[in-house]
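*Asks:* These protein sequence lines map, in sequence, to chains D and R. Remember, the working numbering sits 822 above the position in the first sequence when you count from 1. Remember, the working numbering sits 34 above the position in the second sequence when you count from 1.
Bear in mind the hints are in silico, worked out from the structure with no lab data behind them. Be a bit skeptical, because a hint or two may be false.
To be verified - Which bits of chain R does chain D cover? Going by a derived footprint, with three or more residues having C-beta under 8 Å, they are: (1) 193-202; (2) 253-266.
Said to hold, decoys possible - Think about it this way: if two alpha-carbon atoms lie no more than 20 Å apart in a straight line, the pair counts; the simulated PhoX-like pairs of lysine-lysine are: (3) Lys250/R - Lys964/D; (4) Lys880/D - Lys250/R; (5) Lys56/R - Lys964/D.
Heads up, the beta-carbon is just placed ideally off N, CA and C, and yes, glycines get one too.
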Amino acid sequence: MQGRKKQNMIELKNVHFSYESATKDTKLALNRINLKISCGEFVAVVGANGSGKSTLAKHLNGLLIPTSGDVLVLGANTKCEEDSIFIKKNVGMVFQNPDNQLVFTIVEEDVAFALENLGVPQQEMRERVEKTLSQLNILEYKNASNAELSGGQKQLVAIAGVLVINPKFIVLDESTAMLDPQSRDDVMCILKKLNSELGIAVVLITHFMEEAALAERIIVMNEGKVELDDSPRQVFKKLELLESIGLSVPQVTKFCHELNLLGENLPLGIVDENECAIELAKILKGPRR
Amino acid sequence: MNPILQEVTLGNFLQTNSVVHKIDPRLKLGSVFVYTILICMFRGIYALLLTFVALLAVYKGAKIPLKALWKNLKVIVPIITIAAMVNIFLIPGSVVFEIWFLKVTKEGLIFTLMMFFRASCLVSGTALLTFTTSPGSLVDALEYFARPVRMFGGSPNEIAMAISIAIRFVPTLFTELGKIIAAQKSRVAPFDSPKLRERLRAYLPVIVPLFHITSKRAEDLACAMESRCYAGNNKRTKFRILRFGTLDFVALVLMLVCAVGTFWVDRWRLYS
């Protein structure tokens, strides 16, 4: 960790990655990725299946090491073995299937897992586990068995399991994909809260466009490359491009777009239902053509 | 939770927050070991009877309903019955009564009775351990007793981790198994075929995907564990710390008194 420049972001420089050993015509899972994700950001990563978004996620905390190029987490290179724990302490990762990432049967024991690994003293461990569980409003399940919980609750436990070590970034690899709409909303709500109140950067990998629309910034992946990297409004303006790479846009955006095709003149890239309603009201109240 | 799942996951464990539940799992595991040896050493019926009565008292103290105990005991009933039928007629000695050509002897009766109580004591004693100790604490106790493996370069920490994860995944894989069976049934897999051969063959397409899914899960879990800073080293601290307290000391003394007492009763009754 010596000589590391202090940076408060994850930086990907010219990252290439291939799952197979490199030959001339291997398909690159990641192709020249250059990205910066700063502390406190709320970023969504979207892309069709096989576009490399999960591979990208696994690079952010050093689970995968780039074939060429560098990933710097707060200045530490993921290639550097000694920094491995430092990186994982700062970049928490939550996966898709809650059943595959909970290590122990009892909620509080599972949440304490990362703390045990870091050698935190027992008394402090108890306090931190309780604090984290109450932050996520799941303190009442402290002694419950994971098998008794619903999918959404399990996913919150999984989030608690990484939140407990106070990471600067939380990466969620399609963590809401298996949840019902209500649980999805609950998880999103918690993520928003963590982002705004604790300043934790959230990297949300998803294929729900409505979820992505809640982020401050959307990164669109296509065939291992970054296709777009902009605010939701700017990204969803490019509806044709998104549809051509197998993605959709939120229903409101699509709705406004269809109206525009019928000759209305709504602003492009509306992502918010309220905003859409206001714009529609303007038209309805306005002079009839 | 699904009652069947609960049974598979937690085995016998019944949380009643009694004093017995609070005893150090290491003491419980160790004493069950000694208890088992002791039961096998008893030569007379009195000590066995005494142990059984004492055990029932502990059940009472642990607030475990006797119905739950009966569920465990009834498993051994058929075995004991068969053994009793054979022994009761075959052991020679002073005849108590005769049915046709079968002679029932006093020795035979005592032997059968002893066998019955010995088996009951063994089953209810070990069941008491699982009734009052959660799988997690049991693993902690095992980890403690596995310490000598360090001498051979093994790591009790890793052994305990492996066992805990295995316990943790039992219900998950059980649900998975149910799903696969349902999927194969919907493709008309002959699970209810009258032919044994066909029935067995129907299970092959269940086992293969189960293996596949299990290894996929293992990979995911490995990623998740690594992401949560697991490095398998010995610097780990423990969330649950076992403490041998006053309660455990009292329990230990009580158990020693009982053990010595019953043993004395056994040998004294036998030789006087």
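*Asks:* Hint by hint, note whether the structure agrees.
*Replies:* Hint check results:
Requiring three or more residues with a Cβ within less than 8 Å of a Cβ of chain D, the coverage given for the stretch 193-202 of chain R holds, as 4 such residues are present. Under the rule that three or more residues need a Cβ within less than 8 Å of chain D, the assignment of the stretch 253-266 of chain R holds, with 11 such residues. Pair hint Lys250/R plus Lys964/D does not hold up; C-alpha atoms about 28 Å apart against a cutoff of 20 Å. Annotation: proposed proximity of Lys880/D to Lys250/R holds, straight-line Cα distance about 16 Å (limit 20 Å).
Restraint check for Lys56/R and Lys964/D: the C-alpha separation of about 19 Å stays at or below 20 Å, so the hint holds.
Hint compliance for this structure: hint 3 alone is broken.
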